[in-house]
Amino acid sequence: MGALYVNMFNGWCFTTNSSSCKGGRIVLAWNPNAFTLSVLKVTSQLIHCLVCPKSGSVDFCCTFVYAFNQSKEREDLWRDLCGLGIGVHKPWIVLGDFNCVLNIDERVGAPVRHHSMVAFRNCVDICGLEDVKAAGHFYTWSNKQAGEARVFSKIDRVMANDLWFQNYPNAEAGFLSEGEYDHCPIVLAVYPCDNIVKKPFRYFAMWKYAEGYTDLVKVNWSKGVVGTLMYQVVQKLKRMKGVFKELNRTGFNDIHAADIKAKQDLDLCQKNLHLAPGDSELADREVEAAKRYKLMHAAYISFLKQKAKEAWAKDGDENSSLFHKSIRARIIHNTVHAIHDMHGKWVCDPTSVSAAFLEYYQNLLGTKASSRSHVMIDIVHAGPTLEQLQKDQLLAPVTNEEVKYAMFSINGDKAPGPDGFGSHFFRENWNIVGEDVTKAVLDFFHTGKLLKEINSTTITLIPKTKCPKNITEFRPISCCNVIYK
Numbered sequence: 336m337g338a339l340y341v342n343m344f345n346g347w348c349f350t351t352n353s354s355s356c357k358g359g360r361i362v363l364a365w366n367p368n369a370f371t372l373s374v375l376k377v378t379s380q381l382i383h384c385l386v387c388p389k390s391g392s393v394d395f396c397c398t399f400v401y402a403f404n405q406s407k408e409r410e411d412l413w414r415d416l417c418g419l420g421i422g423v424h425k426p427w428i429v430l431g432d433f434n435c436v437l438n439i440d441e442r443v444g445a446p447v448r449h450h451s452m453v454a455f456r457n458c459v460d461i462c463g464l465e466d467v468k469a470a471g472h473f474y475t476w477s478n479k480q481a482g483e484a485r486v487f488s489k490i491d492r493v494m495a496n497d498l499w500f501q502n503y504p505n506a507e508a509g510f511l512s513e514g515e516y517d518h519c520p521i522v523l524a525v526y527p528c529d530n531i532v533k534k535p536f537r538y539f540a541m542w543k544y545a546e547g548y549t550d551l552v553k554v555n556w557s558k559g560v561v562g563t564l565m566y567q568v569v570q571k572l573k574r575m576k577g578v579f580k581e582l583n584r585t586g587f588n589d590i591h592a593a594d595i596k597a598k599q600d601l602d603l604c605q606k607n608l609h610l611a612p613g614d615s616e617l618a619d620r621e622v623e624a625a626k627r628y629k630l631m632h633a634a635y636i637s638f639l640k641q642k643a644k645e646a647w648a649k650d651g652d653e654n655s656s657l658f659h660k661s662i663r664a665r666i667i668h669n670t671v672h673a674i675h676d677m678h679g680k681w682v683c684d685p686t687s688v689s690a691a692f693l694e695y696y697q698n699l700l701g702t703k704a705s706s707r708s709h710v711m712i713d714i715v716h717a718g719p720t721l722e723q724l725q726k727d728q729l730l731a732p733v734t735n736e737e738v739k740y741a742m743f744s745i746n747g748d749k750a751p752g753p754d755g756f757g758s759h760f761f762r763e764n765w766n767i768v769g770e771d772v773t774k775a776v777l778d779f780f781h782t783g784k785l786l787k788e789i790n791s792t793t794i795t796l797i798p799k800t801k802c803p804k805n806i807t808e809f810r811p812i813s814c815c816n817v818i819y820k
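First residue of the sequence shown: 336, per this note's numbering; consecutive thereafter.
Everything labelled a hint here was simulated from the structure, so no lab data went into it. Any given hint could be a false lead.
Cβ-Cβ distance ranges computed for the label pairs, FRET-style [unchecked claim]:
no., residue 1, residue 2, range
1, 700, 410, 48 to 58 Å
2, 479, 680, 46 to 56 Å
3, 456, 374, 20 to 30 Å
4, 576, 550, 10 to 20 Å
5, 588, 374, 44 to 54 Å
6, 700, 665, 24 to 34 Å
7, 362, 480, 25 to 35 Å
8, 362, 697, 41 to 51 Å
9, 729, 697, 32 to 42 Å
Note that beta-carbon positions come from the ideal geometry of N, C-alpha and C, so glycine has one too.
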């Protein structure tokens, strides 16, 4: 590598797959001061190695891929990867040019060969691989042709197994601009995990499985509050936050561990009962242990479903590993490690990323209009207007039944507003809280006054693109309090 080695990689170690492919197709370089690397397998389309970071991070397997162009030739690659996947029991990351897409939407300008895609998909599924969170360009290759002959494809990717995501949740694959070349360079970054943020309160439906839950809500909600009807509801919700925080701390702080403990207690009771089937005291303990496990397990599954936010999950679906996988995927996907700010500067530490979003949206949303356009009544009257019956219907008083119907029509799994209470809480305790909530809502329609605690929202950012890299590539949505809705 001549001058390139001397000028940029002096002191580094190198290896290639030239022993398996004439001339070599993959060149692998590493800094021995940062990593200890052991090559485990070399073929014409991959180099598989064990990487031991000297920083003390967890060892992992890494497979560098450069697939052949023809689908028939890639069959050996898929077979080799599947074989590696069976023997890998460490975090594993696979990256490179696969010369094949995984999904139909990953190619524009040319047809996708279904049989090639299916073969690649089967390999990925067998190996248990998923895409690492990506930023930058979605399409990673272009044929550089002009006009309608131009083809874009996502044939370069970074994938990893479950153990990788557990140990390196803050990894992100950046796909940079290709410049004069046809492929986008890949930069895999692992960001530090020290950006711990205090989580806001959120009501969890699992709390309803606590012993004495209904009485707990009734006693604390019924305590008197002096003030307007809306103020009373706001203060009672604040009180319930403290109650539920304490309930969570004492019985649900680690619901997974509680579920396991309840199952172990039940197993032990049943084991002892089999040894002494006539022992009535053991039989009573077994009944209580079964009851306890049933409650804890139901609470655990409820927690997973709410965290995973899987709308397709049916009652009775207890695939907890699937829920855990979905929860982790949501967390990884929703975390922004680095971004271009509004000035085009690349920022990658948590404080700078937060400041970049705040600056952009304060400029976008945080200013008042200097003037407001007047409504031109003549133009309004020139268009269609409401009939008198329609006017009467709009002006009709809101009823108790309408308030209840509106509350029960709100999906309990929707993201809550700043107060943290989704509709789950109100619906499950309507016989306790319904009267106060209804009076407060009807009072608003009579007075037109709404407290700022109710009329407040949480702004959540939704990516507009599959691989956002600029601060402008997010869409803000407002999460409102249920009472406001």
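Going down the list of hints, with the structure as the test:
1. One distance hint, 48 to 58 Å for the beta-carbon pair residue 700 and residue 410, holds here, with the actual separation near 53 Å.
2. Separated by about 30 Å at the C-beta atoms, residue 479 and residue 680 break the suggested range of 46 to 56 Å.
3. With their beta carbons about 28 Å apart, residue 456 and residue 374 fall inside the hinted range of 20 to 30 Å.
4. A C-beta distance of roughly 18 Å is found between residue 576 and residue 550, which places it inside the suggested range of 10 to 20 Å.
5. Evaluation of the 44 to 54 Å hint for residue 588 and residue 374 yields a pass: the beta carbon distance comes to about 45 Å.
6. A hinted range of 24 to 34 Å for the beta carbons of residue 700 and residue 665 is consistent with their spacing of about 25 Å.
7. For residue 362 and residue 480, the Cβ-Cβ distance of about 28 Å falls inside the hinted range of 25 to 35 Å, so the restraint holds.
8. For the pair residue 362 and residue 697, the supplied restraint of 41 to 51 Å holds, since their beta-carbon distance comes to about 47 Å.
9. At about 37 Å, the beta-carbon gap between residue 729 and residue 697 stays in the expected band of 32 to 42 Å.
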